[in-house]
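Got two chains here, each in a separate frame; can you build the complex from them with the hints?
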Amino acid sequence: MIRSNPEELIRKTIARFVDAEIIPVAQELDNKGEFPREIFEKLARMGLFGIRYPRNKGGAGGNTTLYCIICEELARGLVSVASITAMQCLMGTNFLFHYGTEEMREQYFLPAMRGEKIGCFCMTEPDAGSDLGAITTRATEVDGGYLINGMKTWVTDGPEASFYTVMCQTDPKKRLRGIGYFFIPRDFPGVSTSPRFECLGTRTTPICEVAFKDVFIPKEYRLTPEGEGLNAFLKIIAEIRAMTAALAIGLQRAAMDDSIKYANERVASGQTIGKFQLIQAKIANMATNLEASKLLTYKSAAMIDAGRDALKEATMAKYFATEAACSAADECTRIFAGYGYSMEYTAQRYYRDTRFLLSGGGTHEVLQGNIARWAGV
Amino acid sequence: MNIIVLIKQVPNTTEVKLDPKTGNLIREGVETIINPDDLHALEAALALKETHEAVVTVLSMGPPQAIDAVSEAMGMGADKAVFLSDRAFAGADTWATSYTLGKAIQHMGEVDLILAGRQAIDGDTAQVGPQVADFLDLPQVTYVFDIQAVHADYVVVKRRLEDGYERIQCRLPALLTVIPGAGKPRYPMASRLLLACREKAPIQVWNAADIRVTTAEVGLEGSLTQVMRTFAPKFERRGTMLEGGTVDVVRTLTAHLRENKLV
Ligand SMILES: Cc1cc2nc3c(=O)[nH]c(=O)nc-3n(C[C@H](O)[C@H](O)[C@H](O)COP(=O)(O)OP(=O)(O)OC[C@H]3O[C@@H](n4cnc5c(N)ncnc54)[C@H](O)[C@@H]3O)c2cc1C
Ligand SMILES: Cc1cc2nc3c(=O)[nH]c(=O)nc-3n(C[C@H](O)[C@H](O)[C@H](O)COP(=O)(O)OP(=O)(O)OC[C@H]3O[C@@H](n4cnc5c(N)ncnc54)[C@H](O)[C@@H]3O)c2cc1C
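Chains A and B, in that order, are what the protein sequence lines are. Whatever position you read off the first sequence (first residue = 1), add 1 for our numbering. Whatever position you read off the second sequence (first residue = 1), add 17 for our numbering.
If you're looking for bench data, these hints aren't it; they were derived computationally from the structure. Quick caveat, the model's predicted, so the values are computed rather than measured. Worth double-checking, as some hints may not be accurate.
To be verified - Derived pair list, reagent style BS3-like, types lysine-lysine, alpha-carbon separation capped at 25 Å:
no., chain 1, residue 1, chain 2, residue 2
1, A, K43, B, K66
2, A, K43, B, K217
3, A, K174, A, K236
4, A, K236, A, K58
5, A, K300, A, K276
6, A, K43, A, K33
7, A, K58, B, K97
8, B, K201, B, K66
9, A, K295, A, K313
10, B, K201, B, K97
11, A, K220, A, K236
12, A, K276, A, K262
13, B, K217, A, K262
14, B, K217, A, K58
15, A, K300, A, K236
The following block holds chain B by itself, in its conformation from the complex (with noise of 0.2 Å):
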């Protein structure tokens, strides 16, 4: 069967500093990490290698320095990737990225299972994985935790509800969004990542033309949405200390909370 794994290259904190300025990301000096959702989902793709007939293949979009993320994915044992990268692509909304995914997978021919993150910890949107399920008309089932039966057309996976789990069988091909199950994300084999190094890997790139599209499809210029600006919000919060003994300091209190009809 042939499985395609969604991963994205994101910044290594849940803390993402905004230019003051520019309202951009500040990307200098923070490292970079595959998205921890999507390693689970590789790691789960990997695991149903080792039971079952499966050709890998993860992909990407990103910049040129979001090769390390495509790298890594084989050196934990993807057997090919397809990176796409292109200036075009740049600024791309939820949507144009979705776009640009699908039309990517519809460029690689026949497909049984596509597995991505939830949720990217730098766009927090959890919009991708379902948008792309859409685009390409296939049934979707996210937050996924297990996969617990893979068949010829159809699997039988457990997805996360607040207060417990659901055991869904869903027709193939399908798209799942998985978040962190039992299984820890491998760590790369060295050898693995300096072949995914050499010019000869089994790592193609594409752009715009590659998966027709044209530049106004895909990027700013096919975004749906603008952002206006960016900005993070200020907190601004005074507290008050109150003085005296236990009975005036409650009294105060008491009476500060009726004020402001708290009470």
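For reference, chain A alone in the conformation it holds in the complex (with noise of 0.2 Å):
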């Protein structure tokens, strides 16, 4: 029986999407800086935004893998878009899709699968960063439901969203183990949200504040059933590095591909700087990187098809491919010199877009201090 490969025909579809759609536009979009409707739109009818869900339930029956190649082979083009789909591939709408009701798949699940509504996710306050267990946006039990109060921040596409799956605290004395999220619509009485930032990187992702006064939801609203917040947080997590190490992977490649064709090109000293020991050095550093990369991404991203738990795995595909993304910015934007500094290259832009990449998914020093206890120390 001859038949495709699926990995191998989903990267060859993205990647020429990406190559026709996203790369000769990318430096204009990140100009800008606006929320890239035109390619949300064509990748929601690509069917791309339900990558990870079953196909007889509004999803396009793929898997974290698929999900992963897909992510990397958008952030090859422009990081924002990848982040964007991204986010309303699995953290904007994953706990809606597990555990909303069918009016609430109907209402919420399905328009964002067809990209007509966009669903964000709400951990991080102001006051409440790595330290999650500190989170103080409280889920009050009422009659009928909660009363939810409290102020998320680094919203990732909050000034486009119609819904938000947000972390709360229901106990503060259990600390991680009170969390729980609920499903709060942005048009519900209540909720209110900042200007957009002004960002470093990422510059078409819109980001902001919400700030939730006395909204109140109703029971069926409460995502996680009561004590299994932690549970699911743990699950996400690991699946959201997977996520990110893929994004930098994207990123590596992009900055490898121009640093090739910079190196094969540009001549100095009569000839082209390629030929140049120190060149070939950063180049040979970034494609081994990539490889090691890959291999640890779509390591973890198979044992979380396979349904093991593969936190400690993506934890360390996160850290290295992300940390090799830096490196990778950085040494692009050497090879180009001068031009690495020009607004008018691509390099200044990998080297912003990796910032991005450090602090989505937990910062390096919370990383290495997990990594470091499963090591035994």
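Next up, the structure:
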């Protein structure tokens, strides 16, 4: 039986889309810094937002590996488009999909798959980033539902959103064991958003704060059942880290491709700069780091697909691939030298966009602490 | 109505590189795509499906890796596919290619409309569409960029001319060769792509026996033409820089032109 390999087929399709629809406009989109509505709608028409969900429930019938492949290819074009897509496929819709009622699926999940509604994920607070046990957004049980009070920040896609999946504290004494995820439509009374943040990188991704003041939500809008919040968090955080690693791989490839092209073109002292051993060393390191990043990342994705606990592997992948992306973007600006400092070239964008990958999915100081603990200290 | 779309997988480059030793096309490392004109033919068929009761079947002949072109067409919305893949088909010239495609179409049952691309970007002959029509004894319209109306027994189409277009009514069944029109070919849908990868997918893989041809009738053996040698032509142009004052330069140039009988 002759059949295509699904991973190669999806990669080829997205690569073609990125080459034709994203790369030619990437600089312009980044300069404008507006939400890339047109591309978002095209991605929706290709049914990519449902890549991780089963086909009989409005998804495309793929898995985490395919999700990571899509994120990687998109990030090769523009990291912010990839991060918007990543949000819609996973964090923005995951708990709604798993725990929402049939009515919520109809009203929010399916429109999100079609790109008509945008979902966000709110964990970070002004006074609680790495230490999520310290969040103070409260869900208080009242007659028929919950009252939500608190403030979330760094909400990716917040300004464009229709609904939020919000991490709330139900019992402050329990810290992380007291957390749960709650579903809050943006148009509910008491929800407000700040103006959009002005950011260093991933400039088409809109980010803002979201405040909840005595927002009443019905009982069924509590997504994770009591006692399951922490487990749900640990599971999704593994997939978030695998995905972030995939974004980092895409960014590495973009920086490396442009570096190689430039090294083969630019002439100094009568030869192309790629003939200099110190430039060759940079490319050799990029190529080797890229290969290692792929192995770590797709190993963790395959473990998630096999239903195994992949938190350690995904954490290592995110840490390694992102550091490699930072190094590749840094070296890229050096290979481009003066032009690496010019806003007309791509190198500066790669350099700025790495900073998002450093925080998203956990800072590397925190990740190194985790990894060291798992290693035995 | 039953629509068949002929699609060919081609290397994604208009600069086909030849192996200087064997004269064969270098395919390694070159990304493959559906021939661009064929994407437009498929888009036209899928657009018809939106307004008419139509079943779109893609037909492609190629080596096993050309299955990706078939899967992509399924991803775009084709209902089914027939993939002709057999070592016996290899090395076919345009005549043998058309014969094999024609035989397969006869084997596929009733058809109302066959769409092909005008021309493949690698072989570049633009012969296959017309030859398939001839083999099946069907009317053909080439260079179609707009299918304006489809009725039970005829179509109205616009075909491109050098200095304008012709509007043609053609009885069905017919074969049209298609060039890019107004509709941009759609991207595939992820869910359909993944379905096309499954064993259960409605993609039939046929060999020579399946379409009732002997190996002598198809492929290299069945080809009427044989390639003696393939080579990339060498361009050896040498320029001469004329130096000196303007008057001297013009004098030298005109003398040179006269000498070479160019003026
Ligand atoms: C572009 C962007 C988009 C984002 N999108 C979202 C989103 O959609 N939803 C969301 O919830 N959040 C989002 N975030 C927030 C992100 O998850 C946080 O920035 C991250 O968790 C770190 O928190 P913080 O910024 O408060 O840093 P802090 O926790 O204040 O850390 C400050 C410094 O202290 C270090 N540090 C903290 N704790 C430890 C420790 N235990 N050991 C060692 N060092 C430590 C950190 O590594 C860092 O260097 C986004 C951030 C960015 C930049
Ligand atoms: C490496 C190489 C070796 C070759 N060897 C020979 C040889 O020995 N002798 C010789 O005469 N020719 C040879 N050819 C040419 C080869 O036969 C043609 O590529 C082939 O027959 C199709 O012709 P074309 O590419 O010109 O397509 P065109 O006639 O330009 O294609 C028009 C349309 O026909 C349809 N079509 C064409 N091919 C197919 C297909 N396989 N499946 C489905 N639909 C199709 C498509 O819709 C396409 O848009 C060779 C070509 C290559 C690249």
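### Query
Is the hinted pair K201/B and K66/B satisfied, with a Cα-Cα distance of at most 25 Å?
Given that 25 Å is the threshold and the Cα spacing comes to 16 Å, the pair holds.
#### Entry: Straight-line alpha-carbon gap K217/B to K58/A, limit 25 Å
Within the cut-off at roughly 20 Å; holds.
### Pair hint K43/A and K66/B, alpha-carbon separation not exceeding 25 Å
21 Å, holds
### Task
With a cut-off of 25 Å on the C-alpha distance, tell me whether K201/B and K97/B pass.
22 Å, holds
### Query
Taking 25 Å as the top limit, are the C-alpha atoms of K58/A and K97/B close enough?
Within the cut-off at roughly 24 Å; holds.
### Message
Would the hint linking K217/B and K262/A be met if the CA-CA limit is 25 Å?
### Response
Distance ~43 Å between K217/B and K262/A Cα, so the pair is violated.
### Query
Would the pair K295/A and K313/A pass a check requiring their Cα atoms to be no farther apart than 25 Å?
16 Å, holds
### Query
Keeping to a limit of 25 Å between CA atoms, is the pair of K276/A and K262/A held or broken?
13 Å, holds
### Pair hint K300/A and K276/A, alpha-carbon separation not exceeding 25 Å
Since the Cα atoms of K300/A and K276/A sit roughly 35 Å apart, the hinted pair is violated (cutoff 25 Å).
#### Entry: Pairwise hint evaluation, K236/A against K220/A, where the allowed Cα distance is 25 Å at most
24 Å, holds
### Query
Is the straight-line distance between the alpha-carbon of K236/A and that of K58/A 25 Å or less?
21 Å, holds
### Query
Is the straight-line distance between the alpha-carbon of K43/A and that of K217/B 25 Å or less?
28 Å, violated
In summary, the numbered hints that this structure violates are 2, 5 and 13.
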